[in-house]
Amino acid sequence: MEAYDLSHLNILVAEDNQHMRFVIKTILKGMGVRTLREAADGSDALKILQTFPADVMISDWLMEPLDGLELTRMVRSATDSKNPYLPVIMLTGYTEIARVKEARDAGVTEFLAKPISAQNVYHRLVQIIERPRGFIKATRFVGPDRRRKAARFSGEERRANAA
2 MEAYDLSHLN ILVAEDNQHM RFVIKTILKG MGVRTLREAA DGSDALKILQ
52 TFPADVMISD WLMEPLDGLE LTRMVRSATD SKNPYLPVIM LTGYTEIARV
102 KEARDAGVTE FLAKPISAQN VYHRLVQIIE RPRGFIKATR FVGPDRRRKA
152 ARFSGEERRA NAA
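Per this note's numbering, the sequence shown starts with residue 2, numbered consecutively.
Hints were generated in silico from the structure; no laboratory data involved.
Do not rely on the hints blindly, as some may be mistaken.
Straight-line alpha carbon distances no greater than 20 Å define the calculated EDC-like cross-link-like pairs of lysine to aspartate or glutamate that follow [stated by the list, open to error]: (1) K26 to D56; (2) K138 to D106; (3) K30 to D56; (4) K102 to E71; (5) K115 to E65; (6) K138 to D81; (7) K83 to D56; (8) K83 to E71; (9) K102 to D56; (10) K115 to E97; (11) K115 to E103; (12) K83 to E131; (13) K115 to D42; (14) K115 to D6; (15) K83 to D45; (16) K138 to E97.
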């Protein structure tokens, strides 16, 4: 894995637990990130995003009054969203497959389970840099392409024939 200079990244951390915000900020500063903003909940994060040009947002899932999933959905689809393509790393202690799928379906870019480590945070940032995912805007979904692998297809290509 290549070492990256992260000093020019603008990162927003949305986390309701002050201690966890401190831990995340300390990890990011240790990686060289210089420009960080923090929000105590999703609604504060939305306000900050109106003026802060974030390159990445790290958000906790469970926050009041606006949780990380609703925050992600609003970043992706609100008419006044400044950057609907913003990479979102969802941070949570809930790692059941149904939760991971729910986060993916809300438009989360990467999923990070608690407890966190500097290595895991760095790995998610590298994934965003090295493997950016195409963006999908559909009737019921807005967010990064949910497919991680190119599926192999062995059959007749019918999409070209449909036109």
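Cross-check of the supplied hints:
no. : hint         : result
1   : K26 to D56   : holds (15 Å)
2   : K138 to D106 : holds (12 Å)
3   : K30 to D56   : holds (15 Å)
4   : K102 to E71  : holds (15 Å)
5   : K115 to E65  : holds (19 Å)
6   : K138 to D81  : holds (16 Å)
7   : K83 to D56   : holds (12 Å)
8   : K83 to E71   : holds (16 Å)
9   : K102 to D56  : violated (24 Å)
10  : K115 to E97  : holds (12 Å)
11  : K115 to E103 : holds (17 Å)
12  : K83 to E131  : violated (24 Å)
13  : K115 to D42  : holds (18 Å)
14  : K115 to D6   : violated (25 Å)
15  : K83 to D45   : holds (15 Å)
16  : K138 to E97  : violated (26 Å)
Hints 9, 12, 14 and 16 from the earlier list are contradicted by this structure; the remaining hints agree with it.
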